[in-house]
Every structure is written in C-alpha cells, then in structure tokens.
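Participant: Take a look at the letters that make up each chain.
There are 6 protein chains.
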Amino acid sequence: MPIVQLVDDASASDEVRAVFDDIRATRKTDFINNFWRAIANDPKLLARTWADLKAIMATPGTLDPLVKEMIYIAVSMTNNCEYCIHSHTAAARAKGMSEEQFMELVSVVGMANETNRLSISLQVPVDDRFK
Amino acid sequence: MPIVQLVDDASASDEVRAVFDDIRATRKTDFINNFWRAIANDPKLLARTWADLKAIMATPGTLDPLVKEMIYIAVSMTNNCEYCIHSHTAAARAKGMSEEQFMELVSVVGMANETNRLSISLQVPVDDRFK
Amino acid sequence: MPIVQLVDDASASDEVRAVFDDIRATRKTDFINNFWRAIANDPKLLARTWADLKAIMATPGTLDPLVKEMIYIAVSMTNNCEYCIHSHTAAARAKGMSEEQFMELVSVVGMANETNRLSISLQVPVDDRFK
Amino acid sequence: MPIVQLVDDASASDEVRAVFDDIRATRKTDFINNFWRAIANDPKLLARTWADLKAIMATPGTLDPLVKEMIYIAVSMTNNCEYCIHSHTAAARAKGMSEEQFMELVSVVGMANETNRLSISLQVPVDDRFK
Amino acid sequence: MPIVQLVDDASASDEVRAVFDDIRATRKTDFINNFWRAIANDPKLLARTWADLKAIMATPGTLDPLVKEMIYIAVSMTNNCEYCIHSHTAAARAKGMSEEQFMELVSVVGMANETNRLSISLQVPVDDRFK
Amino acid sequence: MPIVQLVDDASASDEVRAVFDDIRATRKTDFINNFWRAIANDPKLLARTWADLKAIMATPGTLDPLVKEMIYIAVSMTNNCEYCIHSHTAAARAKGMSEEQFMELVSVVGMANETNRLSISLQVPVDDRFK
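From first to last, the protein sequence lines stand for chains L, X, F, A, C and H. Once you know that position 86 of the first sequence is 86 in the numbering used here, the rest is easy, because the numbers rise by one and skip nothing. So the mapping is simple: the numbering used here equals the position in the second sequence, first residue as 1, plus 1000. So the mapping is simple: the numbering used here equals the position in the third sequence, first residue as 1, plus 2000. So the mapping is simple: the numbering used here equals the position in the fourth sequence, first residue as 1, plus 3000. So the mapping is simple: the numbering used here equals the position in the fifth sequence, first residue as 1, plus 4000. So the mapping is simple: the numbering used here equals the position in the sixth sequence, first residue as 1, plus 5000.
What the hints contain is simulated information worked out from the structure, not anything from laboratory work. For each residue, glycine too, the CB sits at the ideal point set by N, CA and C. Careful, some of the hints might be misleading.
[As the list claims (entries may be wrong)] Below, simulated SDA-like cross-link-like pairs (lysine to any residue); rule was C-alpha separation at most 20 Å, straight line:
{"hint": "1", "chain 1": "F", "residue 1": "Lys2095", "chain 2": "F", "residue 2": "Pro2065"}
{"hint": "2", "chain 1": "L", "residue 1": "Lys44", "chain 2": "L", "residue 2": "Arg24"}
{"hint": "3", "chain 1": "C", "residue 1": "Lys4131", "chain 2": "H", "residue 2": "Ser5098"}
{"hint": "4", "chain 1": "X", "residue 1": "Lys1131", "chain 2": "L", "residue 2": "Ser98"}
{"hint": "5", "chain 1": "A", "residue 1": "Lys3044", "chain 2": "L", "residue 2": "Ala47"}
{"hint": "6", "chain 1": "F", "residue 1": "Lys2131", "chain 2": "A", "residue 2": "Phe3031"}
{"hint": "7", "chain 1": "H", "residue 1": "Lys5044", "chain 2": "H", "residue 2": "Asp5009"}
{"hint": "8", "chain 1": "C", "residue 1": "Lys4095", "chain 2": "H", "residue 2": "Arg5129"}
[Unchecked claim] Example chain A residues on the side facing chain F (calculated, C-beta under 8 Å, incomplete):
{"hint": "9", "residue": "Leu3063"}
{"hint": "10", "residue": "Val3067"}
{"hint": "11", "residue": "Thr3078"}
{"hint": "12", "residue": "Glu3104"}
{"hint": "13", "residue": "Ile3120"}
{"hint": "14", "residue": "Asp3127"}
Using the sequences and the hints given, assemble the complete structure.
Facilitator: Shown next as structure tokens:
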C-alpha cells in the first residue's frame, strides 16, 4: 500500500499535467505508471525526476538504450526494489531483451554479489595496478 | 589491511597453483590479482569461484562481454565494494570501455539509486501491467 | 507473514505485560503495534528495545521529537524496511508532519541516495578540509 | 584513490566553469569540494546534479536547512558513504549543529538500524492502523 | 509475483530434471522449493548454484550444519530477503533450531546492525591491535 | 579519520569512566578499543550500548559465544563495516575460531549473498510450506 495518494489525471494540477503530457508524448503511450503518480504529490520532484530520467535514459549517448536498462535492473536487484525490478524488466523486454539475456543478466548480478561480499569479507587490498 | 594472508606463488599448494595457472592461461597474463590470492586461503572456495566466474564472464553467451563487466560494476557501486569497483573498472577499460561510456554508466547508477529510493520511500504498488 | 507468533495480551507473561503496560502509559493509547508483539517472543529483547527507544525517542534532548522521527524515516527508507516506513511515517504525521514536509523529506532522501552513489562510484577522496 | 581525474580549474571547460562559478556564488566561498571535481568529468551530470541539489537543499521549503542536512547525514551513514558522511557533517556543523545534536542524531541512526533489522528479521506485518 | 515462470516437473528439460533429481535425493524429500524452479529458467545457473550450495552447506566441514544455516539467516535478514529468511529459517528449524535460539539469533542480528551503524557513523578507525 | 574525538582515559567523565571500568573488568583486559572511545562522546549512548552488548554477547544463553561472534561477523561483512569485520574477527579468533572455520564462514556469507540476490532478482514467491 502506498504512503501517499496516487495522483490521477482528474486531480492533477496544471504543473503535474504538463509532465504527464510529456511522458505520454515521449513514450508514445497513454499509460502513466504508478511511480510518476506517486511522486506527483510533489510537482517539483516530479518535474525534476522526469527531466533527469529523460536526459539519462531517453537521450542518445554512448551506451545502447537496452544496456542502460540492464544496468538499471542490476541496481534495482541489488537494492531489493520490487517496483523497480518489475518496471525496468518490463521496459527492457519492450526494448528487445530476450529471456536468455535476462537470465544471463541475473547470473552476473548473483555472481557479482557473491564476489563483492568475498572481497569485503576478507578486506582485500586494491592492487597497485588498479589504481 | 586484509583479514587473511595473501597466498603468494611460493606458498601455494598444488590445488591452488592449478587454479592460478588456469587464471593465467585464460587471461593471457602472468598477473594474479589480490582477490584470488585472498580466497586461496580456502582452495575449494578458490576453485569453485574461479570456475563460476569463468563460466559466467569468460564464456560466450547472449550478452556482450563488456556489457557484463558494466553490470558487474553497477552492482559493485551499489554495494559500495571498493576493491570490486577498482578491479572491474580496470577490466572494463581493458575491454574497450571509453571514459564517456564510464561516466554515462555512473549517471545511470546514480539515477537508478535515486528513483529506487523514491519508489521504496513511497511504497509504490507495482502496476498490474508490469506483472 | 511473520516468522513468529505475535504475542497477544492473553498469552503475555508478566514480564511482557509490564512492558506493554509501560508502552500504553507512555504513549497514552491502548494500542500496541505488531513490532512489540513480535519481539515479545524474547521478553528480554522486548524490555531492552523498549527501554532504549524510550530513552532515545521519548526523552527530551537537543533535537525536536519530529526531527528525530524524520531521521528514523530516512534510515527506514534507505534500508527498504516496509514496516518501519509505515509505522514511523504514521508517528511523524501524528506529531504534526505535513504532507509537504513529508514530500520534501522524500526529495532529500532520493537526492542523498543519488549523490551517495556517485561519490562511491567514483571513489571520491575526502577533502582535507573535511577531516 | 579516485577512479577518474579530479577536474581542476585550469582544465575545466566553459560548461564546467559555469557550474563551478555558480557553486562559488551560491555558497559564498571559493572552495569547490572534490565531489564536484569528480563528477565534472561528465559536464551534463555535473550541471544536472548541482541544479537538483540547489533546488532541494538551498531553496527555502517547509523543512529547516539544518534538518535537511541531518536527514542527508542519516542516509549517508546508512549507505556507508565515507565521503558523504564527512562532507555533510561539515556542512551541518557550519549551519550550527552542536556536538550534542550530532551525537543524538547518531543515536537515532543506530537505534533505527537495529529496529529496522528486527522488523525485517521477524517479517512483522504492517498494522492495519498504519495503512 | 515472480519475474519468470516457475519451471514445473512436466516442462523441465533433461538437464533441469537431473538437478531436481539430485536435490530430491540429497534432501530425501520430493519437495522442490520455488527458488530452484525459478532459477531453472537457466539450466546452467541451476546446476552451478546447486553444486555450490551442496558443496558449502551439505558437505561436512569445520562448522556445524545448524551454525551454517544461522549464518545464512543472519545474512538474509541483513539483506532484507523475504524469501531467504523464510526458507532458511524453515531449514534451521528442521535441523533442530529452538525458538529460544532463533530469538537469540535475532537479538544478535539487531545489535550487530546497530553497532555496525555506530561504527560507520563515527568513522571509527581500526585499532592497531586488530590489524 | 573519525568524525569525533576519541575519548581517552584522562578526559573521561565519571560516567564514562564507570563504563570503561566495567568493560575492563568484564573482558579481563586493560584495553579499551576505539569503538567505545568514539561513542563515549555521548555517555548515555555508551552506557546503553555496553549494557546491551553485555546482555546479548557476554551472558550465557542458548547459543555458543563463538557462534554469536560468527553471526556478528556475517552481519558486519554484509553491511560492509570495515571496523566491525576487524574487531569481531579478532574477538572470534580469541574465542578459538580456526582459520578453516573463518574461511568456511566466508564461503557461507558469499554464497548467501549470491542466492539472496537471485531470489530478489527473480522475485521468487515464498512457498506455502515455509509460511
């Protein structure tokens, strides 16, 4: 259950509605997912977050859009963010991620968490070569 | 400072030496980084971890090797593992990651951590569409 | 679903009942929330935790009680503790936190998580001035 | 040791210099701390992060500026971000936080981390009253 | 809700079936829990993970099997992994963990999380004696 | 570097000195490690934390003292608390933990972190049998 009301279209202020409209136009869909409806309780947080996400995720850069989604999923899995795992896995599948690729991503995330913890457990010193 | 002695070549048992040899052959370098020298205190842990890492990271699959390194870095950043950030960033640079790509990866990791926390903070319910 | 039985009033031992009575008296309410009923399975853990919480949260100090609740919420959001986010947000609202304040708290928590991760990602050295 | 070069004034591009100038003007000091010099390797990340931080932390809102710094510190402690703990504690002290207030903040952070973990350990269900 | 289909016996490939058979034989039960059915979407991940788990948890070593389960639970509580807390607590109870022992484990996990956070909050330097 | 001054014996208040004396008497050593000297900046936090630690770790219960230290280490490794890993590993070695036992503990911590992350990644639903 959410801690705040989800802002629906009818109760959205003009400031919120403008962001919702841009999300719809950018993503070419009428669907606004709950994340945006939740943070819309603070219109400035909504505007700032959407502007940042668009700049990072939807603007062509040096990384493939699907690679960026997979990095997003890896972070979400490591943070144990249920919502984020579901929403970004859906986004990655929509961008063409196969089930084999997803399971290979999961393998890397599991392995990385194991070896991260081994390094931390033994307080392994960083090799000079890596500095 | 490490919690255990790092195992050098001179003091390595035959079981450890066999893994070190395979790391050198697989990576085509004489360099064995401290992570392996630390977990070599448990030869079975060393053998198992290297076998798993080779299977996941060095075997051709459905993901590009550089993409897998970037996922590994994203997890290491999120787990705050100093050793792992250094070693896997070095590995990714060796595989051709540019500084622009690295900074874009960092942007995604930062943004993902922010929106993960916003989702968690507001306990946003997963949209039916994502299930 | 809880891992242990929640201790109801009827089955509470004298030691548990004494703590429940003090919670009720201190908070001026008959309501005992599930957290206390769960840890009551270890009466000493219950007594110790309640004594500590009362000392830290309910005793006048140098920080405003509402500020302390907001710090508690920030930790709970960062730890992804669903129960804690719900219970301490309820407590903060009862102490007068407005929805605008809550959303501003959420903004700070989100931003802090992003810049924390950027600092960690780039392994930024602490400035001499801060030491 | 940082993963990237820290951008000094001499090598800063015009885009980076403009942000550095605004940081100096806003904070009324010539000092630019390492965090900004590190993320300056991606001028857009620098510009975006500074704009967001200024909007959240330096713009009058419903929370006291010192309270916002203490929330920032609580998140940084929970995330184990050494740089962030040092820089934001310095900022809070500059805004008037006393040592008694700091130690009381630390007490709350410690207690919250304990009870968060107890709630998670026992999988305590959220009380209906809190929903 | 899972992100992938759980693999049931009817749809299991020969490679998956062989692992399921070994889990059944090793554990002397017909029951295969959902964790294995989920990772079975990647048969190699399934085989590798089961081989590692059997080597670590089911092979006699220097630690008592119940102690190893309790260490597993402590990690799972600290990572906030609901599934893992439930499955490993069930396993530990099956190996003879009493409710008093479980609550004492919970006390240690809570206390460790508090003092961990105090150490991190104050950036306590490691004593020379511990190095 | 610590965020606060470490309290040495000369500058300790009577309240702090009383706790230091009890630590020395309980542990049968003159050595007070830095953790206690750091939290001594808040004498009530010092007194409360020592009382809790003594009750949990030094009082005979249903778990072996060495097992409790190993649980403490597992939490500290998972939380990436450098100070805590060093101090509790030293304590466990003093209580008789062998290097083989330590490495086996590290193996379990690594494995648990991997399977925790796999469970979270795939959002595996808890089996009815475990509830």
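Participant: None of the hints should be skipped; say for each whether it holds.
Facilitator: Quick rundown of the hints versus the structure:
The suggested pairing of lysine 2095(F) with proline 2065(F) holds, with an alpha-carbon distance near 8 Å, which does not exceed 20 Å. Under the criterion of a C-alpha separation no larger than 20 Å, the hint pairing lysine 44(L) with arginine 24(L) is consistent with the structure, at around 18 Å. Proposed proximity of lysine 4131(C) and serine 5098(H) is supported: the alpha carbons are some 17 Å apart, at most 20 Å. This hinted pair checks out: lysine 1131(X) and serine 98(L) have alpha carbons roughly 17 Å apart, not beyond 20 Å.
Between lysine 3044(A) and alanine 47(L), the direct Cα distance comes to roughly 17 Å. Compliance with the 20 Å bound is thereby established for this hinted pair. Annotation: proposed proximity of lysine 2131(F) to phenylalanine 3031(A) holds, straight-line Cα distance about 15 Å (limit 20 Å). Between lysine 5044(H) and aspartate 5009(H) the CA atoms are separated by roughly 17 Å; this keeps the pair inside 20 Å, and the hint holds. For a cut-off of 20 Å, the pair hint linking lysine 4095(C) to arginine 5129(H) stands: about 16 Å separates their Cα positions.
Hint status for leucine 3063(A): holds, given a least beta-carbon distance of 5 Å to chain F, under 8 Å. The closest approach between the C-beta of valine 3067(A) and any C-beta of chain F is roughly 5 Å, which is under the 8 Å cut-off, so the hint is satisfied. A distance limit of 8 Å between C-beta atoms decides the matter here; for threonine 3078(A) the minimum to chain F is near 4 Å, and the interface restraint holds. Hint on glutamate 3104(A) holds. Least Cβ distance to chain F is approximately 5 Å, under the 8 Å limit.
For isoleucine 3120(A), the shortest C-beta to C-beta distance to chain F is roughly 6 Å, which falls under 8 Å, so the interface hint holds. Given hint, aspartate 3127(A) at the interface with chain F, holds; its Cβ is 5 Å from that chain's nearest Cβ, closer than 8 Å.
When held up to the earlier numbered hints, the structure conflicts with none and fits them all.
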